[in-house]
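A.B. asks: Please model the entire structure based on the sequences and the hints provided.
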Amino acid sequence: MAKPALKASRGRVRGERLETRITADQKRLIEHAAALQGRTLTDFVLTSVQDAARRAIDEHQRIDLSVRDSQAFVDALLNPQPVNDRLRDTVQRYRRATGV
Numbered sequence: 000m001a002k003p004a005l006k007a008s009r010g011r012v013r014g015e016r017l018e019t020r021i022t023a024d025q026k027r028l029i030e031h032a033a034a035l036q037g038r039t040l041t042d043f044v045l046t047s048v049q050d051a052a053r054r055a056i057d058e059h060q061r062i063d064l065s066v067r068d069s070q071a072f073v074d075a076l077l078n079p080q081p082v083n084d085r086l087r088d089t090v091q092r093y094r095r096a097t098g099v
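Numbered per numbering that gives the first Met the number 0, the sequence shown spans residues 0 to 99.
Mixed in with the good hints, there may be bad ones.
Claimed, not checked - Restraint ranges, calculated between C-beta atoms of paired labels, are given here:
| no. | residue 1 | residue 2 | range |
| --- | --- | --- | --- |
| 1 | Phe72 | His31 | 26 to 32 Å |
| 2 | Thr41 | Thr89 | 28 to 34 Å |
| 3 | Arg38 | Val12 | 17 to 23 Å |
| 4 | Thr97 | Arg67 | 51 to 57 Å |
Said to hold, decoys possible - With a straight-line cut-off of 20 Å between C-alpha atoms, the simulated SDA-like cross-links for lysine to any residue are:
| no. | residue 1 | residue 2 |
| --- | --- | --- |
| 5 | Lys26 | Ala55 |
| 6 | Lys26 | Arg54 |
| 7 | Lys26 | Thr39 |
| 8 | Lys26 | Gly14 |
| 9 | Lys26 | Arg11 |
Just so you know, the hints here were simulated from the structure itself, not pulled from any lab data. Positions of the beta carbon are idealized from the N, C-alpha and C atoms, including for glycine.
C.D. replies: Written out as structure tokens, the structure is:
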């Protein structure tokens, strides 16, 4: 059963509008893809745009974390923390256990 055109899937009223100009070929392509999935053009476009937005945000966050983690790693190499008693005990237990 089709949902009302003015309601989003979570029951929220769609109050914003997004418009774009496309070529006839682009429209036919998008309409064909939507029809293959049995979805309306609007549903297909909204879902596709939301998926692309989430991927872009996720990719940015991964790259951002990657850079931040790399900086922390280099900082740890260049400015190592002093060896504490707990680390010293752990190394001794390891050596005893492995015979190293």
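A.B. asks: Now, for every hint given, state plainly whether the structure supports it.
C.D. replies: Verification of the supplied hints:
1. Phe72 / His31: 26 to 32 Å: Since the Cβ atoms of phenylalanine 72 and histidine 31 sit about 48 Å apart, the hinted range of 26 to 32 Å is violated.
2. Thr41 / Thr89: 28 to 34 Å: At 60 Å between Cβs, range violated.
3. Arg38 / Val12: 17 to 23 Å: Holds - the Cβ-Cβ distance for arginine 38 and valine 12, about 21 Å, lies within 17 to 23 Å.
4. Thr97 / Arg67: 51 to 57 Å: Violated, since threonine 97 and arginine 67 (Cβ atoms, about 34 Å apart) do not stay within the stated range.
5. Lys26 / Ala55: 23 Å, violated
6. Lys26 / Arg54: 23 Å, violated
7. Lys26 / Thr39: Holds, at about 13 Å.
8. Lys26 / Gly14: Violated - the C-alpha atoms of glycine 14 and lysine 26 are around 24 Å apart, more than 20 Å.
9. Lys26 / Arg11: Violated - the C-alpha atoms of arginine 11 and lysine 26 are around 27 Å apart, more than 20 Å.
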